[in-house]
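Chemist: From first to last, the protein sequence lines stand for chains V, E, B and G. Each residue of the first sequence is one higher than the one before, counting from 0 in numbering that gives the first Met the number 0. Each residue of the second sequence is one higher than the one before, counting from 0 in numbering that gives the first Met the number 0. Each residue of the third sequence is one higher than the one before, counting from 0 in numbering that gives the first Met the number 0. Each residue of the fourth sequence is one higher than the one before, counting from 0 in numbering that gives the first Met the number 0.
It should be emphasised that the hints constitute simulated quantities derived from the structure, not laboratory data. Honestly, I wouldn't trust all of these hints.
To be verified - Simulated coverage check for chain B against chain G, where a stretch passes if three residues somewhere in it have a Cβ under 8 Å from a Cβ of chain G: (1) 5-13; (2) 86-93; (3) 189-201.
Each residue gets a CB set at the ideal place from its N, CA and C atoms; glycine is no exception.
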Amino acid sequence: MADKKFHVKVTVTLKNGVLDPQGKAIEGALGSLGFDGVGSVRQGKVFDVNLNAASKKAAQEVVSDMCEKLLANTVIENYAVEVNG
Amino acid sequence: MADKKFHVKVTVTLKNGVLDPQGKAIEGALGSLGFDGVGSVRQGKVFDVNLNAASKKAAQEVVSDMCEKLLANTVIENYAVEVNG
Amino acid sequence: MKAAIVQFPGSNRDRDMFAALETISGQPAHKVWHTDTELPNCDLIILPGGFSHGDYLRSGAIAARAPVMRAVATAAAQGVRVLGVCNGFQILTEAGLLPGSLMRNAGLTFVCREVMLEVANPQNPFTCGYTQGEIIRCPVAHHDGNYFAAPKTLAKIESNNQVAFRYANGTNPNGSVNDIAGVFNKQGNVLGMMPHPENLIEAAHGGTDGRRLFEAALDMLESTAA
Amino acid sequence: MTVQNTQPITPELIAEHGLNEEEYDRILELTGREPTFTELGIWSAMWNEHCSYKSSKKWLKTLPTEGPQVVYGPGENAGVVDIGDGDVVVFKMESHNHPSFIEPYQGAATGVGGILRDVFTMGARPIAAMNALRFGEPDHPKTRHLVSGVVAGVGGYGNSFGVPTVGGEVEFHPRYNGNILVNAFAAGLAKRDAIYVSKAEGVGLPVVYLGAKTGRDGVGGATMASAEFDDNIDEKRPTVQVGDPFTEKCLLEACLELMESGAVIAIQDMGAAGLTCSAVEMGARGDLGIRLDLDSVPIREDQMTAYEMMLSESQERMLMVLRPEKEDEAKAIFTKWGLDFAIVGETTDDLRFSVHHQGEEVANLPIKELGDEAPEYDRPWLEPGTHSPQEPHLFAPPDDYNAALLRLVGSADLSSRRWVWEQYDTLIQGNSLQLPGGDAGVVRVEGHDTKALAFSSDVTPRYVEADPYEGGKQAVAECYRNIVATGARPLAATDNLNFGNPERPEIMGTLVAAIRGIGEACLALDMPIVSGNVSLYNETNGEAILPTPTIAGVGLMDDWSKMARIGTADEGDVLFLVGTEGTHLSQTIYQREVLGEETGPAPAVDLMMERARGEFVLAAITSGYASACHDISDGGLAVALAEMCMASGLGAECEIAITYPHAALFGEDQARYIVAVDNEWANMFAANSEGSGVSFERIGTVQGETLKINDLVDIPVSELKAAHESWFPSFMNPQSVPEAAE
Ligand SMILES: Nc1ncnc2c1ncn2[C@@H]1O[C@H](COP(=O)(O)OP(=O)(O)O)[C@@H](O)[C@H]1O
Ligand SMILES: [Mg+2]
């Protein structure tokens, strides 16, 4: 079957309430660099995945599966998948 | 001045041509998990920043400044700032 | 010669470095806190290993923006010797005092083991205790030591003889480009390296190959080229 | 998730808190009324197995805990042992089994963080760490993921914190498929006259909260650690604690600075059931009441209830009682290190634990009873059965001794753990004299020219399963031997007792017998138990882990220049076997790997013989006769010889007296060592052994590049090494080695 190319963006973020030491350190550093008014910073990951799939829906599914199996640690992280044609 | 709350999303990605060991390792791991058709994977970071600023534009500016000064290493990374009301 | 060691929150080989300098020179080094804006009068500034600020965001990134780094940059511009080991190397690249970046190890895991280093340029106050092409032993212990520089920068580093050490005999532990383990700045008074010479300076460490680096930097060698 | 303090106390709620009817009746009596919701949480935290040791206390009391070297035995955050010159070594081991199964990286990382905190809470700077890990069978679908996460987590925390990891264990067995074990050990150095404990003194003094902010992490965690798993495991996930080694490193430096300033009266880290346990302990120990004001507790999440704050297991937090006049100085230190500092209460004279939140008193309980009156059970137990001995002739010999030996050194349990320990910083602090790969990790005592400490962690669960009493003895004996083999004198030990559900009499019987064995061995080998940890309910769907009482020992070396190593034998050295010919093949690695069975009794441990041979080997090493030394354990004499050859890169030619070849080569009889002696000293060594009545045999010479044993074994050392080094990497990276060896 003739697959199409898709560009998929995956965003992985920590679940609510899970401690984010990185975010905390960045908040501190922004403060000491003189940035005021910073309420909170949370850090996450993005993945740009290029892949071949039969359809947009198939791409969405396969990348969600990748998230479950590898890209996200679903015990403490959420993920979002966004497919671009 | 009465500041408003803004939620800003910063995406930091490696510039083209910059080595991405994590992305490469993920490509390999996806392959061995049986995912076919994966062209390339690049890993980046996202930051969710909550801050107070006078306006959307001000928020945009201050966060861009944060990127220049800290959040991104502009020698090897690009950044994008997206402000939500 | 007087040395100063800069301490950041999360530095953890500062004590190793302090002990090594004292063992070698018999003199305690100054300790400088990351919020200090002035440096004590010294001829050698050392940024030690560790996980400054947890290495959060990027290794060395937050430390590179500490107040003390302005003073370090000024001193470096005046020709004071600056040595960054491991996290110190990462901080120096983040601060723009050395070219290139240290990315995640190619194997993605932390690596602690002994490697072999080839001395690539001994015409320098840090490396003049070694000979050209000499192979020495040195331990590494890092997660982000994969040296990377864009092709143009890399070409410059090579043509200026800015490579201090290369991993030798197939012992590159992290995927560094051109096996680079340590680089100088253009002027040659700033050195950054991933391996830990301070952990191989006495019999108890099982070898003393790291010693000559400090003896050279402290002008303690018998015949130091000026 | 926010449950108000007025939540009615129903039988379901009581059961959810792991409390039975009898326990609840006692709580009603001690409270003098129905407890509030927060109070129920406090009682359950204090009375759960993890904090109260209610099933094991009766038996733990039988362990030897005293000796002239012991400064503080069990009961403090860590044991404290004198090493002379005004110095002490402070150490303990603790499990983080359940959390590591749920989230391997963070579970292992926070386990390391917890044990480091126990050590520096007492004023000691951590100088060495170990990790004893047990995973399910290699083929189990979860194992690889768990190994990689746990190892990365142990390294991620310890490396960043800056403590060298100098030893540990990794084993695989199907009985750990549903319950892995992560036991973390840490040791620190302090001055004998500058040890800090949790006992508060003085009324009206500020109770100070230090370190990281409080979130909802691990709420219910202590309860979880003491509950059996079932398939509903997913529901328990959101309570995962995340470790922040950076904050912990800052906390270490700040605490040590603060102690030096003289501001600290009492200090207690917040571990399981954080604020509750630490506050109660400080008060109860000091015969004081504590009043807490939760509105001052630094929090990082909105709308936290009193219940959540009292039970939160957020990491990197401490509670202290400070001298009021030093408050400003103390605060400055913490600000310098970027840590939260808040006065959250005070000591009182009414022996009540009184907790206030938003203008309301949410708990008011008798503090002594909370601390000391936890139930203590004499659970029914069954004396374990025994196996009759199996003579060597009942076991088939291998078709090919070379193949058998290669198989053993390349097996899952005996292969090199390099893949693991290279992810750990083993060199930091510049004092590591022996790295993982030998018998024990050895670390120089900073500030002293010649002294060093040796560390080893050991247990052979298959022996404990076969015979808990002998297995318990064996764990201590092997630890003793590993320390002796470096030339250090064993000083004291800590234990981590990992077992299944103690409410099952056969499991309880195993625990009882193992403790008896451990106790006897510790007494005979002069290694008092100075701290420890018990992890029960390691079961999934009714299947328990192998009984795993991990023993971690510490030894002292007066002069490290005399130290022995596994790999320092020289060409021409004479090899001696200290001990007798191997005879015991039941429950051996040979039986398991080559014959595919695990049957019969564990090897018996003759403690008098262990002691006598240990003393002899120690004397030989400290008088400088031994150029290398290694104890004989898993895999027997042949594996021990192979390990010495691989470590030195040199071969050996051995001719040994043999009755049953397979038993002589692979038997796992106890109390044995191999010592390499310079040819010049060989006769002297032999005369000394004879003189001291220790059995020995001159078995061969170090030479060439091949290991030869009689006409049975003839393998190039390089081939042994290839088998030994390849198992772990090919297991963890199957894609890079397509046809991974089984
Ligand atoms: N998880 C680990 N971390 C660090 N070192 C380890 C680990 N597991 C095993 N080792 C090291 O590998 C070597 C072999 O382990 P083991 O077979 O358990 O030793 P022994 O038989 O002497 O008790 C030892 O030096 C031990 O400390
Ligand atoms: Mg051993």
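Chemist: The structure should be examined with respect to each hint, and the outcome stated for every one.
Modeler: Consistency of the hints with the structure:
With a cut-off of 8 Å between beta carbons, the region 5-13 of chain B has 4 residues touching chain G; three or more are needed, and the interface restraint holds. Beta-carbon proximity to chain G at under 8 Å applies to 0 residues in the region 86-93 of chain B; the threshold of 3 is not reached and the given coverage is violated. With 3 residues bearing a CB less than 8 Å from a CB of chain G, the region 189-201 of chain B meets the requirement of three and the coverage assertion stands.
Violated hints amount to a single one, hint 2; each of the other numbered hints is respected by the structure.
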